[in-house]
Amino acid sequence: MPVRLGDLARYIGATLHGDEGCLVANIATLDTAEAGDVSFLFDRRYRNFLKFTAASAVILHPAELSACPVAALVTADPYLAYARASSLLSPPPAFDAGIHTSACIAPTASVDASAHVGAFAVVEEGARIGSRAFIGPGCIIGRAVRIGDHSCLSARVTVISGASIGQRCLIHPGAVIGADGFGLARDQGVWMKIPQNASVRIGDDVEIGANTTIDRGTFKDTVIEDGVKLDNLIQIGHNVRIGAHTAIAGCVGVSGSTRIGKRCMIGGGAGIAGHIEIADDVVIKGAASVTKSIPVAGVYSSVWPAREDKEWRRKVARFNRLDKEMIQRRNGARSGVNARNEGESL
Amino acid sequence: MPVRLGDLARYIGATLHGDEGCLVANIATLDTAEAGDVSFLFDRRYRNFLKFTAASAVILHPAELSACPVAALVTADPYLAYARASSLLSPPPAFDAGIHTSACIAPTASVDASAHVGAFAVVEEGARIGSRAFIGPGCIIGRAVRIGDHSCLSARVTVISGASIGQRCLIHPGAVIGADGFGLARDQGVWMKIPQNASVRIGDDVEIGANTTIDRGTFKDTVIEDGVKLDNLIQIGHNVRIGAHTAIAGCVGVSGSTRIGKRCMIGGGAGIAGHIEIADDVVIKGAASVTKSIPVAGVYSSVWPAREDKEWRRKVARFNRLDKEMIQRRNGARSGVNARNEGESL
Amino acid sequence: MPVRLGDLARYIGATLHGDEGCLVANIATLDTAEAGDVSFLFDRRYRNFLKFTAASAVILHPAELSACPVAALVTADPYLAYARASSLLSPPPAFDAGIHTSACIAPTASVDASAHVGAFAVVEEGARIGSRAFIGPGCIIGRAVRIGDHSCLSARVTVISGASIGQRCLIHPGAVIGADGFGLARDQGVWMKIPQNASVRIGDDVEIGANTTIDRGTFKDTVIEDGVKLDNLIQIGHNVRIGAHTAIAGCVGVSGSTRIGKRCMIGGGAGIAGHIEIADDVVIKGAASVTKSIPVAGVYSSVWPAREDKEWRRKVARFNRLDKEMIQRRNGARSGVNARNEGESL
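Chains as they are written, first to last, in numbering that gives the first Met the number 0: chain C, 0 to 345; chain U, 0 to 345; chain Z, 0 to 345.
Heads up, some of the hints might be wrong.
You can't tell identical chains apart in this list, so a pair holds if it fits in one copy or across any two.
Unchecked claim - The list that follows gives simulated cross-link-like pairs (lysine-lysine, DSSO-like), each with its CA atoms no further than 27 Å apart: (1) K309 to K323; (2) K192 to K314; (3) K261 to K309; (4) K323 to K219; (5) K314 to K50; (6) K291 to K219; (7) K323 to K50; (8) K261 to K323; (9) K192 to K219; (10) K309 to K291; (11) K309 to K50; (12) K50 to K219; (13) K309 to K219; (14) K219 to K314; (15) K261 to K50; (16) K192 to K323; (17) K192 to K309; (18) K50 to K291.
Simulated from the structure, these hints should not be mistaken for lab results.
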């Protein structure tokens with residue numbers, strides 16, 4: 000669906016230097032763009048491609064304007080403007096309303112007439128699927144689950160009884176929402192399971208990555224607030240609450256009963272201990288281990304950057320001897336003092 | 000199903016201070032409990048809620064008895080007593096026996112008449128499903144797999160040919176049991192696959208979390224002994240053996256051919272190297288990397304707690320200069336000695 | 000299918016010491032092998048089993064030949080020879096061509112007549128399934144996806160629209176190929192999704208483990224080159240390229256837009272930052288965090304081996320005081336000098 004450059008400029012909040020009426024239909028990188036495409040420049044490494052681009056227009060920073068050989072959409076934040084242009088030009092694919100003949104819908108479930116339910120999907124008793132929701136093939140929607148309007152469960156998503164998903168959510172294949180939390184009590188060396196009676200509540204505009212798991216709560220629901228973005232292979236423990244607009248990269252684990260604030264950013268592979276609180280606007284770098292509460296916004300880390308292995312092992316060995324060396328040095332210093340004293344006493 | 004307090008006290012091993020005949024039907028936290036609920040106090044942070052609780056009875060430690068405004072179930076281990084009460088009052092939901100019309104059962108498979116097989120489940124040739132077993136929607140039970148009595152595969156669990164699951168197991172969605180181990184040999188820079196001919200044997204009373212994977216063995220089965228509890232997103236490599244009543248939290252990886260003892264506890268995000276042995280009763284803290292065998296029970300760790308990023312980077316840089324500093328100091332000390340010697344020789 | 004020892008020796012590249020015509024049909028460990036089995040010895044720990052083995056023949060190193068009580072297949076690389084023998088004697092199970100009656104195949108999809116499509120599999124519009132391909136039960140093959148000849152998607156694999164899989168690939172249950180990459184732009188504290196318009200291209204002879212996820216690219220396809228082997232629960236971000244014959248163990252995360260070279264080996268639980276380049280033939284040890292490009296082949300690490308917890312915590316505390324101590328020592332040394340100077344000036 001082609002868009003006039005003038006309209007695009009207004010939509011993305013940029014100033015147009017060029018023909019208002021020129022039509023663009025796709026977004027493409029500087030080197031691959033053709034006439035009719037809009038391109039973008041926010042990463043300086045691609046600067047050299049600008050002068051050769053065949054795009055009809057380029058989204059860029061004022062500092063790059065003079066070097067732009069085609070129409071320019073100028074803005075102080077070209078990355079954000081690019082994101083807006085891309086989401087305008089690449090909307091999610093349309094789908095047909097209706098329930099696939101192979102889907103299995105319980106008699107007491109309610110599926111909005113405008114929703115789509117795919118092949119081999121299961122919608123259990125009392126579940127409710129909102130308007131224009133997309134339930135892809137192989138999804139399992141448990142008893143009394145609610146799926147909000149315009150939410151998309153792309154394929155093979157499992158949502159377990161009682162969980163609720165807000166509006167405009169996007170959930171990728173393999174995600175499991177509402178499995179039991181890991182609650183155990185020890186009885187003479189044998190583990191006794193603690194029933195997980197609460198569920199999961201997911202806000203609006205949440206994205207959940209492939210094979211990510213979000214456990215149901217014990218007494219209180221696990222809560223994912225509005226606008227949270229979760230990447231793939233993330234584990235969210237029971238009773239956790241994640242504040243609005245927090246983004247978490249892949250392979251992160253959040254242990255049970257922890258609260259994470261709003262607008263936090265958590266890097267890939269980080270681990271967050273249970274029963275702690277993390278303030279709003281905290282940034283946790285990849286691979287960090289958060290072992291206690293973080294009450295103040297800021298950037299936190301504990302990553303050890305990889306090094307050549309022999310050097311690394313020497314360093315670790317040195318570290319492991321540090322205690323001994325410190326003690327020896329202290330003792331050595333003391334015996335030095337003694338020697339001097341003794342010398343003086345001679 | 001309401002229970003008399005007297006019966007509940009006996010069941011959980013507590014001493015009742017209050018009316019034997021009082022009925023309770025649910026378990027709830029101190030602040031949300033209503034008449035007819037039993038509540039509990041084992042975490043001192045919730046102590047202040049005790050005096051305001053509307054519960055009919057509270058499970059607590061003798062030290063808290065004097066402050067309890069309602070009937071009390073007194074025990075030295077209120078957490079365990081709570082777990083017992085909760086499992087009595089919140090049994091797993093009942094289910095109807097029978098095979099869903101959409102399920103696909105091979106002619107040579109055997110499904111006990113009291114078992115349940117859900118929508119779109121697949122039970123392949125020679126598989127055997129025990130009595131009162133629950134095979135949820137979308138599960139795939141491979142050739143010659145055995146599922147023990149009273150085991151529950153909640154939904155979308157894959158069990159690959161030849162694996163066996165014991166009795167009273169609980170397996171959450173997305174778990175994959177019996178996929179090939181990662182066995183490769185290098186042939187002039189190209190990887191050759193090593194067939195994984197053995198399978199997976201899972202004992203009784205085992206719980207396996209969502210999207211957890213347990214690989215089949217090469218020659219000997221991968222074995223998960225009785226009472227083991229595995230959280231979500233755990234990877235268990237081929238030929239591994241995990242001892243009875245060991246509990247492993249989320250996002251842990253156990254590499255191939257490793258043996259873990261009985262009653263171990265492994266924290267979230269830990270990694271265990273291959274071909275090692277871990278003794279019984281070992282505790283491994285979250286995010287630790289276990290690189291060699293642990294022959295003695297105890298608590299082990301290698302976690303670096305996250306710190307403010309600038310400070311952390313300064314510390315890492317300091318660490319990386321340590322070698323150099325140590326050498327310089329040693330050389331400096333030596334040249335100091337030399338200088339002195341030279342001074343003396345003057 | 001029994002094989003003559005003479006033929007086996009030629010196939011695996013070993014020298015036979017024994018009867019050319021002797022038939023073997025299975026491969027087994029030294030202690031479990033029976034007559035008609037071939038066994039192997041490459042791990043010195045199993046050396047003691049050699050003299051008691053009941054195998055018909057043993058694959059071993061020349062150094063072990065004199066101790067071998069049965070026919071010997073002698074080679075300088077017995078591990079590789081074992082892998083070859085095992086793959087000859089344990090071929091993947093045969094399967095019948097054809098589409099299961101319950102599978103859901105779009106009218107415009109094309110499935111080769113020699114391929115197999117299992118129960119409840121979905122093959123969407125325009126998808127193409129190659130000859131002798133195996134699409135197991137519950138797989139979802141998205142729009143316009145291509146599955147190459149002889150590839151096996153064992154069960155419940157999801158391949159999203161536009162992705163292509165080469166020939167002779169093996170993909171394990173729960174893998175998700177082609178879900179959206181984690182592309183977000185921040186707009187006044189709210190995340191805006193960046194459409195992920197490219198797809199995933201997987202070469203020939205690639206193995207992908209259970210519940211592993213490979214994201215689709217933003218503008219360029221995510222590429223997994225020929226012969227790459229990925230274990231379970233791995234996350235591959237968008238726009239990543241992994242070079243031919245690289246092997247990655249379980250629980251590894253590779254962040255977006257990173258390029259990994261050919262023939263690399265990456266240990267379990269490692270994390271690789273985004274937007275970096277790793278050279279060919281790099282080895283990254285388990286649990287390492289790679290935070291910047293590695294331009295030179297070699298072995299890299301940043302693992303901290305777990306230690307007894309009290310000792311570990313003392314070491315971490317010591318480390319955290321290092322800065323302070325260094326400063327104090329420097330100041331102390333200086334004040335010592337001052338004192339001496341002052342002393343001299345007295």
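How the hints compare with the structure:
1. For a Cα distance limit of 27 Å, the shortest separation of K309 from K323 qualifies both inside one copy, at 22 Å, and across copies, at 15 Å.
2. For the homomeric pair K192 and K314, neither the shortest alpha-carbon distance inside one copy (44 Å) nor that between copies (36 Å) is at most 27 Å.
3. In the homo-oligomer, the alpha carbons of K261 and K309 lie at most 27 Å apart only across protomers (22 Å), although the nearest pairing inside one protomer, at 42 Å, exceeds that limit.
4. In this assembly of identical chains, K323 and K219 lie within 27 Å of each other by CA distance neither inside one copy nor across copies; the values are 49 Å within and 44 Å between.
5. For the homomeric pair K314 and K50, neither the shortest alpha-carbon distance inside one copy (48 Å) nor that between copies (44 Å) is at most 27 Å.
6. In this assembly of identical chains, K291 and K219 lie within 27 Å of each other by CA distance solely inside one copy; the values are 22 Å within and 40 Å between copies.
7. In this homomeric assembly, K323 and K50 never come within 27 Å of each other (Cα to Cα): the closest approach is 62 Å inside a single copy and 48 Å across copies.
8. In this homomeric assembly, K261 and K323 never come within 27 Å of each other (Cα to Cα): the closest approach is 45 Å inside a single copy and 34 Å across copies.
9. With identical chains, the CA atoms of K192 and K219 are at most 27 Å apart within one copy only, with a shortest distance of 17 Å there and 30 Å across copies.
10. Taking identical chains as interchangeable, the C-alpha atoms of K309 and K291 lie at most 27 Å apart only when they sit on different chains, with a minimum of 18 Å there against 33 Å within one chain.
11. Taking the shortest alpha-carbon separations for K309 and K50, neither the intra-copy value of 46 Å nor the inter-copy value of 39 Å comes in at or below 27 Å.
12. Taking identical chains as interchangeable, the C-alpha atoms of K50 and K219 lie at most 27 Å apart only when they sit on different chains, with a minimum of 21 Å there against 57 Å within one chain.
13. Taking the closest pair of Cα atoms, K309 and K219 never come within 27 Å of each other, the shortest separation being 49 Å inside a single copy and 35 Å across copies.
14. In the homo-oligomer, the alpha carbons of K219 and K314 never lie at most 27 Å apart, since the shortest distance is 46 Å inside one protomer and 39 Å across protomers.
15. In this assembly of identical chains, K261 and K50 lie within 27 Å of each other by CA distance neither inside one copy nor across copies; the values are 41 Å within and 33 Å between.
16. With identical chains, the CA atoms of K192 and K323 are never at most 27 Å apart, being 45 Å at best within one copy and 47 Å at best between copies.
17. When the C-alpha separation of K192 and K309 is checked against a cutoff of 27 Å, the pair qualifies neither within a copy, at 46 Å, nor between copies, at 30 Å.
18. Within a single copy, K50 and K291 get their C-alpha atoms no closer than 51 Å, and across copies no closer than 30 Å, so neither meets the 27 Å cut-off.
Of the hints listed earlier, those the structure fails to meet are numbers 2, 4, 5, 7, 8, 11, 13, 14, 15, 16, 17, 18, in rising order.
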